[in-house]
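Student: Combine the two chains into a complex, taking the hints into account.
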Amino acid sequence: GNSVTQMEGPVTLSEEAFLTINCTYTATGYPSLFWYVQYPGEGLQLLLKATKADDKGSNKGFEATYRKETTSFHLEKGSVQVSDSAVYFCALGQRGAQKLVFGQGTRLTINP
Amino acid sequence: GAGVSQSPSNKVTEKGKDVELRCDPISGHTALYWYRQSLGQGLEFLIYFQGNSAPDKSGLPSDRFSAERTGGSVSTLTIQRTQQEDSAVYLCASSLALAGGEYGYTFGSGTRLTVV
Chain A
1 GNSVTQMEGP VTLSEEAFLT INCTYTATGY PSLFWYVQYP GEGLQLLLKA TKADDKGSNK
61 GFEATYRKET TSFHLEKGSV QVSDSAVYFC ALGQRGAQKL VFGQGTRLTI NP
Chain B
1001 GAGVSQSPSN KVTEKGKDVE LRCDPISGHT ALYWYRQSLG QGLEFLIYFQ GNSAPDKSGL
1061 PSDRFSAERT GGSVSTLTIQ RTQQEDSAVY LCASSLALAG GEYGYTFGSG TRLTVV
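Residue numbers (my numbering), protein chains in the order written: chain A, 1 to 112; chain B, 1001 to 1116.
Check the hints yourself; a few may be wrong.
SDA-like, lysine to any residue: derived pairs with alpha carbons at most 25 Å apart [as the list claims (entries may be wrong)]:
#1 Lys-77(A) to Thr-1106(B)
#2 Lys-56(A) to Gly-41(A)
#3 Lys-1011(B) to Glu-42(A)
#4 Lys-68(A) to Asp-1056(B)
Partial list, computed: chain A residues near chain B (C-beta under 8 Å) [claimed, not checked]:
#5 Leu-19
#6 Ala-50
#7 Ala-53
Keep in mind the hints are simulated off the structure, nothing from the lab.
Glycine included, every Cβ here is placed at the ideal spot set by N, Cα and C.
Just chain B, same shape as in the assembly (with noise of 0.2 Å):
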């Protein structure tokens, strides 16, 4: 597509259920990243996907996230038991392999989650 679109724009779950969030990146774009923004902070690397290599997930802050990338496209984050801290924007983004270093990323508008 034209943008990195993400879905959906705002979620409201309840504590304890799972949640998906999803993805679609620039076409062409063969890495993929997800940061969080929680309320008043900068941004946290969360996993970052680079074509068929394995992930890079340094940056998941538990065993409750978890990524995927099918077919080279869209990649789904999953949050099981979602807790309140968990409340924050997840932002991802995508660039031309081995160019986001250098040349920058594109970012999506971002899915606000909030959990009650």
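Bound conformation, chain A alone (with noise of 0.2 Å):
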């Protein structure tokens, strides 16, 4: 069945830092791939998502390339805000199937 694996948290990191949170799936056939994030005491936004392979999402200077081949779909950013700490997951869902499977999530703290 479908699957996502996502980077183990908690990540912490100084303001500025380049960020990286690895996410890779198991899927049949080309699912979409999506970046989910949530701040604290809120539900989850989409922050960005790609429906195709090499496709690029981007939002708020976040980024993250559907990558078919290393089946991965890892966010970056280049240089974080403590306003980017947050809890980010990962989801995968494909055309027809209206359950998303979502990763379990990478609680991200940004200290000043």
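Tutor: What follows is the structure in structure tokens.
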């Protein structure tokens, strides 16, 4: 079945550091891939997505590239801010199948 | 509405009592999902509604959990005889028909349930 494996946290970085959160997946066919972010006390917000291989999703300085050859969708940001502190979830979905499969989440803390 | 609305935002209940959690999806979204997020854990799928089709209840953890969706819009998740292990954040999400898997969902802010 479909599954998502995320880099385990928690991750702690200093402000302006480079961020990578790894995400790999197992799926049949051609899934869509997502990163969701959950700020403290809030629900999940869609951060970015990619619906086909080699697509790059980007938003708020974050980027992730859909790599079919390595079955990965790693999240990156060149210079993190304190306001990026949150839990990040990688997820997978497929056309015609409604349910998303989520990774376990990675808690990111950015120190000033 | 403009977003997915959940109520109450917080609920404290005594063990053994029944609780009802409400979700009002985005207008026009025919697919509605309930997930549970226990402290420090990932998301656990509970139930999914699509239009007038029979719901996918495969994630409900026990027969104490049930959900309904009236008029294809508002949904209520009911937990009977609550237990302490039911304490979690209950998240609702919605999407356009047949688009959730390809384009993702919109989540509400969740209901934090505490069973004491």
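Student: When the structure is checked against the list of hints, which entries are broken? Sort them ascending.
Tutor: Hints 2, 4, 5, 6 and 7 are the ones this structure does not satisfy, whereas the remaining hints hold.
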